[in-house]
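**Q** For reference, the chains in residue letters:
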Amino acid sequence: MTEKTERREPVLEVKNLTKTFSNGNGAEVSEILQGVNFTMYPREFVCILGPSGCGKTTFLRCIGGFEPFEGEISVDGKRVNSPGVDRIMVFQDFNQLLPWKSVEKNVQYPLRIQGIRDKQELQKISDQYLEKVELYPYRKFYPHQLSGGMKQRVAIAKALAMKPRIILMDEPFASLDAITRNKLQAELMQIYQKEDITVIFITHNIQEAICLGTRILVMSKQGNIKMDVPNRIQKPVTPASEGYGKMWDMFNKALNESPETSGQENVF
Amino acid sequence: MKSLRNQIIFIVLVLIAWQAAYQMEVFPKLMFPSVGDIFHSLVKGFAKDGLGSMTLYSMSLILRGLAIGIVLAFVLSGLSIISRTVYSIYNMLVSMCDLIPGVALIPLAILWMGIGEGTIILIVVHSILWPMSRSIMDGFHAVPRIYIESGENMGLNRVSMITGIYIPAAFPYILSGIRTGWARAWRGLISAEMIFGTTSSGAGIGWFIFMRRTYVDIAGVFAALLVIIAIGIVVEYGIFSMIERMTIRKWGVSR
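Same order as they appear, the protein sequences are chains A and B.
So that you can map any letter, position 260 of the first sequence is 260 in our numbering, and since no number is skipped, the others follow by simple counting.
So that you can map any letter, position 20 of the second sequence is 20 in our numbering, and since no number is skipped, the others follow by simple counting.
If you are wondering where the hints come from, they were derived from the structure by calculation, not from laboratory data.
Every residue, glycine too, gets a C-beta built ideally from N, C-alpha and C.
Take these hints with a grain of salt, some might be off.
[Unchecked claim] Simulated pairs of lysine to any residue, SDA-like, Cα-Cα distance not exceeding 20 Å:
| no. | chain 1 | residue 1 | chain 2 | residue 2 |
| --- | --- | --- | --- | --- |
| 1 | A | Lys105 | B | Leu156 |
| 2 | A | Lys140 | B | Lys250 |
| 3 | B | Lys250 | A | Asn95 |
| 4 | A | Lys101 | B | Ala142 |
| 5 | A | Lys124 | A | Glu195 |
| 6 | B | Lys29 | B | Phe39 |
| 7 | A | Lys15 | A | Asn95 |
| 8 | A | Lys163 | B | Gly155 |
| 9 | A | Lys235 | A | Asp249 |
| 10 | A | Lys101 | B | Pro172 |
| 11 | A | Lys221 | A | Asn95 |
[Said to hold, decoys possible] A partial selection of chain B residues facing chain A, derived with a Cβ cut-off under 8 Å:
| no. | residue |
| --- | --- |
| 12 | Cys97 |
| 13 | Asp98 |
| 14 | Ile100 |
| 15 | Val143 |
| 16 | Pro144 |
| 17 | Tyr147 |
| 18 | Ser150 |
| 19 | Glu152 |
| 20 | Asn153 |
| 21 | Gly155 |
| 22 | Leu156 |
| 23 | Ser160 |
| 24 | Met246 |
| 25 | Lys250 |
| 26 | Gly252 |
The task is simple: from the sequences and hints, build the whole structure.
**A** Here's what the structure looks like:
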C-alpha cells in the first residue's frame, strides 16, 4: 500500500469530544475538554503538548476508553467507548507492569489472552520485541529488579508486540532523568522508523515533542486544540537541526501565552 | 540464621524459667507440671493414648474445612467484584457473620445436624470463610487502578480479570487471610471437638485435651497444646513462608 492511498482512511476520528468533571455533588461542573475534533492517519506520530491541567491526559484516556465522555471517538470507522486491544496505552507510571510476572511473561500474557497459545511462538514474539528495546538479557527478571527506564521499555515492547492500531503514550518518559529520557527517545524513534506503528504521545516537554512527533498539537488550558502543525524537521532531530529553534520558540510561546486564562487561574 | 538462633535461645530460656517455677513450687505441682512430665505425657500420648491418630483426625477435618472455606471465600469474593449487588449483600453478610464465634453456633448445629463430621466441618468453614473473605475483598479493593486498566486494555474478560489481575495483585492480603483463616479454623475445631466429644468416626485433639483435664492430667493437656503449636510452626515455616518466598517476595511486593 502506498502512503497516499493509506492516508485517505483515518485510523482515528474524534468528533466533538467533551469531558466534564463534577465536584461530587453535581453542582459545580468543570469542563476539561471542550468539543475537541481530531483526525489521525496511519503512520502518524502525533505529539500533544500542553500545560499541566489542560486535559491532555484526559484526552488520551478518553481515546483509550478509560473515561466516559460525550462526543464520538471512532477507530477505523468503528465507534469505541471502552478499552480495547486496538488502542494500547503506555502509562507514565513505572508500575504498569504486572509485578508477579517476569519481563517476558509481561510481554507474552496479553498475547496469550488474544489467543496465541503456542509456547514457542509466544517465546519468539517476546524475544523479538525485547530485543528491539534491548532488554533481551533481562527477559527472566521481575519488574522490581529493573530501573524505571527499563520498565518503560518493557511496557513499550509489550505494546508493540500486541500490534495495536494506535499506541497511546501518556508522558512515558516524564519521570526519567534527562540522559535516560534522551536515550529512550532515540530508541523509540528508531522503532518508529522500522515498525508500522501509529502513536499519540502526550508530553509537556517541547524538545521531546519536536524530536518524536511528525505532527504536533498544542492544547490550551481551556481544553481545546489551539495548534496543529506538521513537524517536517528531518529525523533524527537534534537542537542543531534546521528549524528546531524556530519551532521551539513557537511552541514555547504558545504554551506560555494564555491571556484568556490569566484571570481564571486563581479561581481554583 | 541469626533470627533462628535468637528464637532457639528464647525457647530455651522459657523452658528454663518454666522448670525453675516448677522447682520453686510457684504454683501447685498438680496444676503446673515439669518440663519432663510434659515430655513424658507427649511420648505416652502418642504411644498409648492415641494422640497420633487423634491429631491426624483433627488434621483431616481441618483440611477439609479449609479447602471448602478457601474455595467458597474465593468464589464469593470474586463474585462480589463482578457484581455490585453481590458485593453489597456479601459485604453485609461477612460483617454480620464474622462476629459470631464458631462455638456459639455449636448448640444450633448439633440440634439441626446432629453430632457428626459434617457439623464440625461446618464450624470450621464458618471460622474460615468470613475473615478470609474480608481479607480477600479488602485486597481486591486495594488493587492499584493501573493493573486493572492494564488488564482491561489487554482484553481480559471479567473472570480472567479476577484470576489474572485481582488475585495475584491482592496476594499479600490473600496470604494474610489464609493465615488468619487457618488460625481461626483451629480455634473452631478444638472448641467443637471439646464440646462434641467423639463422633461416630473418631475423636480429635480437642477431645484429648478435654479427657486429660477430666483425669486432672495437666501434663497431658500441655502435651496436646504442644502438638498444636508444633503443627502451627511446621505450617508457618514450612508452608506459609515457602509460599511467601515463591510469590510476594519474589515479586518484590513484600520485604
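**Q** A separate judgement is required for each hint: does it hold in the structure or not?
**A** Each hint, compared with the structure:
no. : hint                   : verdict
1   : Lys105(A) to Leu156(B) : 15 Å, holds
2   : Lys140(A) to Lys250(B) : 12 Å, holds
3   : Lys250(B) to Asn95(A)  : 16 Å, holds
4   : Lys101(A) to Ala142(B) : 19 Å, holds
5   : Lys124(A) to Glu195(A) : 17 Å, holds
6   : Lys29(B) to Phe39(B)   : 16 Å, holds
7   : Lys15(A) to Asn95(A)   : 32 Å, violated
8   : Lys163(A) to Gly155(B) : 13 Å, holds
9   : Lys235(A) to Asp249(A) : 19 Å, holds
10  : Lys101(A) to Pro172(B) : 15 Å, holds
11  : Lys221(A) to Asn95(A)  : 28 Å, violated
12  : Cys97                  : 31 Å, violated
13  : Asp98                  : 28 Å, violated
14  : Ile100                 : 35 Å, violated
15  : Val143                 : 11 Å, violated
16  : Pro144                 : 7 Å, holds
17  : Tyr147                 : 6 Å, holds
18  : Ser150                 : 6 Å, holds
19  : Glu152                 : 4 Å, holds
20  : Asn153                 : 5 Å, holds
21  : Gly155                 : 5 Å, holds
22  : Leu156                 : 6 Å, holds
23  : Ser160                 : 7 Å, holds
24  : Met246                 : 11 Å, violated
25  : Lys250                 : 7 Å, holds
26  : Gly252                 : 3 Å, holds
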